[in-house]
Amino acid sequence: GAVVSQHPSWVICKSGTSVKIECRSLDFQATTMFWYRQFPKQSLMLMATSNEGSKATYEQGVEKDKFLINHASLTLSTLTVTSAHPEDSSFYICSARDPTGNSPLHFGNGTRLTVT
Amino acid sequence: GENVEQHPSTLSVQEGDSAVIKCTYSDSASNYFPWYKQELGKRPQLIIDIRSNVGEKKDQRIAVTLNKTAKHFSLHITETQPEDSAVYFCAAAIYNQGGKLIFGQGTELSVKP
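For the protein sequence lines, the chains are A and B, in the order given.
Heads up, the final residue of the first sequence is numbered 98 in this note's numbering, and it's a clean run with no missing numbers.
Heads up, the final residue of the second sequence is numbered 136 in this note's numbering, and it's a clean run with no missing numbers.
Treat the hints with care, since some could be wrong.
Below 27 angstroms or equal to it, Euclidean Cα-Cα: the simulated DSS-like pairs (lysine-lysine) are [what the hints assert, rightly or not]:
1) B/Lys94 - A/Lys23
2) B/Lys80 - B/Lys94
3) A/Lys(-4) - B/Lys65
4) A/Lys2 - B/Lys65
5) A/Lys46 - B/Lys80
No lab work stands behind these hints: they were computed from the structure.
Build out the structure end to end from the sequences listed, making use of the hints.
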């Protein structure tokens, strides 16, 4: 069935550096993907909607210059956390749905980001 | 925009008892209501979902009910087992928008043997 792959599954970086997270739809084309952030013991908060071939749509309060989203192909969206700080440490997770048929939403495995 | 409220935040039951988690939503345009189970450090797993054209859906020990008028939906787990222990999230979406989910705050369910 449809699968969404996310990479890396965990990353540790130093404060001030940038980190790129990839989200791929493996056997379907996703014109739209979604990026969520989840702090410990909290819910998943939608950060942005990634649109293939156009600009991402960011939710209120999410800094677009800090969280760069690129959706250059129908199977790949990337989230880059720029100039990361310890408060950006979180679980980032992407999702996508096969637009054909009646498919449910699929989540990637998530990326645990730790900024030291 | 959509806002989803979920209660309770924690729920402890004895093995074999039933568990009920309730959610309300604000946007009457929402028509898709999935429930996810999330274990620590893992991605959410879809356990059941319901569309706004039905009022109830059941899958073995799990059922979901939807009251569109009141904008309420609930998850019912019967004959709970220790392996049901996890965090459960409800969510709401407009289905043809491709899956933009707004999640509830989550319920930590603990099933005691």
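Between A/Lys(-4) and B/Lys65, is the straight-line Cα distance small enough, at 27 angstroms or below?
holds (24 angstroms)
Please work out if B/Lys80 and B/Lys94 have their alpha carbons no farther apart than 27 angstroms.
holds (16 angstroms)
For the pair we were handed, B/Lys94 and A/Lys23, check the Cα-Cα distance against 27 angstroms.
holds (26 angstroms)
Given hint B/Lys65 paired with A/Lys2 - CA-CA distance at most 27 angstroms
Since the Cα atoms of A/Lys2 and B/Lys65 sit roughly 20 angstroms apart, the hinted pair holds (cutoff 27 angstroms).
Just to be careful, I want the Cα atoms of A/Lys46 and B/Lys80 compared with a cutoff of 27 angstroms; is the pair within it?
violated (39 angstroms)
Of the numbered hints stated above, the single one contradicted by the structure is hint 5.
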